[in-house]
Amino acid sequence: MAYNGRPVLRDLTCRFPRGRISVVLGGSGSGKSTILKLIGGLICARAGAIYVGDRDIGRLGESAMYEVRRELGMMFQNGALLDSLSVFENLSFPLREHTRLSREQIAEQVHERLAAVGLSDVDDLLPRELSGGMVKRVALARALIQSPQVLLVDEPFSGLDPLSTKLIEALLVRINRTYGMTMIVVSHHIPSTLRMADHVVLLLPGGPVQGSPRELLASADPSVRRFLSEDTDASDEVLAHAAEFEAGEHRPVLDSRRGRRKP
Amino acid sequence: MGAGAIRGLGHGVGDVVESLGRLAVFTARILMVTVRPPLRLREFADELFKLGVLSILIISVSGLAVGMVLGLQGYNTLVRFGAEGSLGAVVGLSLIRELGPVLTALLTTGRAGSAVTAEIGTMKATEQLDGLRMMAVDPIDYVVRPKAWAMICVMPLLSALFILTAIGGGYVVGVGLMGIDGGTYMSSLENSVDFGNDVAGSILKAVIFGVLVGLIATYRGYTSAPTSAGVSAATTSTVVIASVSVLIFDYFITALWGV
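Chains as they are written, first to last, in the numbering used here: chain A, 905 to 1167; chain B, 451 to 709.
Derived from the structure by calculation, the hints contain no laboratory data.
Hints may contain errors.
Unchecked claim - If you want a taste of the chain A side facing chain B, the calculated C-beta under 7 Å gives, among others:
hint : residue
1    : Cys-948
2    : Ala-968
3    : Arg-973
4    : Arg-974
5    : Phe-980
What the hints assert, rightly or not - List of simulated lysine to any residue pairs, SDA-like, C-alpha gap at most 25 Å:
hint : chain 1 : residue 1 : chain 2 : residue 2
6    : A       : Lys-1070  : A       : Pro-1109
7    : A       : Lys-941   : B       : Lys-500
8    : B       : Lys-500   : A       : Glu-1001
9    : A       : Lys-941   : B       : Ala-679
10   : A       : Lys-941   : B       : Thr-576
Because the structure is a prediction, the values reported are computed rather than measured.
Even for Gly, the Cβ is constructed at its ideal location relative to N, Cα and C.
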């Protein structure tokens, strides 16, 4: 992958386990958001293969890609809400496009999703009338409206105050726990990442490093330690969280590339 | 130096050919989604309002002003030959055959074409187009198609409005200020204008200009760089390219079909 001749994401191989929260960490310009766009088929890789389930989306045309995207939800960094539509219209839009639900059923689903992200009485507001945190939550609700199998989340904590950051983080974790949804989160917010992630892909200049938060924190690799040392107070909380997930057998482990359930 | 110039020329020609090819593909995509449901009548009606209804004032005022100038200049010229009774024909024919469609297209490019480019470009810069794609909705279908077709539909209507107000402006000057008989003005206009040739030709020109402006405005917005500078550049280029294209096409339509 390259932008204006500048290569990004060279020799990258990674898997995102089904039903888990995977976080892609890295510095600015390391290609974090590019990974999400590649998975969503918004841009094409120069070489290699990208599997969503068992489909190599690099071989799909745009119309076939629309079928794949019905299984994907994406929360964009700045929301990407349609600015001429109200909050209700933004959320109901995919349902009106792709389902034959009645108005009442659509309204019910919209309000259910809004409630899931902690919003009410915002139906008639336009995106420009929302705060940054509310935009993120509405964008999250819209990404969830079609109950996607995979949720792509681009920089959910950028531009948010600490309280809103924790709120979004808690929402993402709760949604993952509730729906068992595969989440791929791009972030450079290390504390949140280490708290919520089951699997981390750390994009470093020397190449990607992958593992659980516990594994990365225990890594002897100086570049990994240097990157993660930005967060010095996370260790205990993170390790407890990581242990909980590593010990937990309540969620199935799946091979995301093949889409098969492992025993 | 010479080789460099030739190389530069080659690159320039290559870029133009490539752009035309992309525009052709873009046009084909609009045509393909046009024949596919849903019809998106609501979005189309919204665009008719934004591009058409909101242009009524500027078109009317401009038409009135152009008609008054034409009436004044026409009278001053015709009176030298004692032919001031033909003022209605001069004003009417020049407006219907030439000035109406061309000036309407130029005004619409400046007001509505630039707005279309800016809107689509901003949607691209704020990832709204990518958001649509991620919701499995084709932006060409949802965003571009209604705008392009609305532009094609409003152009002949706005052109007709421009012509009517301009004829009114000519009447105000010729009859109201210069003292030409109102009946003479209208009868000379009526006798000189041929519906099948002049009016139909005028409508044809307006439709072609609508296609040109609609395609260029939507294409430039859709392919703009996703930055504020990119949107600005795309908007400027829409006005420039569409205006020049209208004038060039006007010549060829007139030369080839005698309209």
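Okay, the hints, checked on the actual structure:
no., hint, in the structure
1, Cys-948, "13 Å, violated"
2, Ala-968, "11 Å, violated"
3, Arg-973, "5 Å, holds"
4, Arg-974, "5 Å, holds"
5, Phe-980, "5 Å, holds"
6, A:Lys-1070 - A:Pro-1109, "29 Å, violated"
7, A:Lys-941 - B:Lys-500, "33 Å, violated"
8, B:Lys-500 - A:Glu-1001, "23 Å, holds"
9, A:Lys-941 - B:Ala-679, "23 Å, holds"
10, A:Lys-941 - B:Thr-576, "15 Å, holds"
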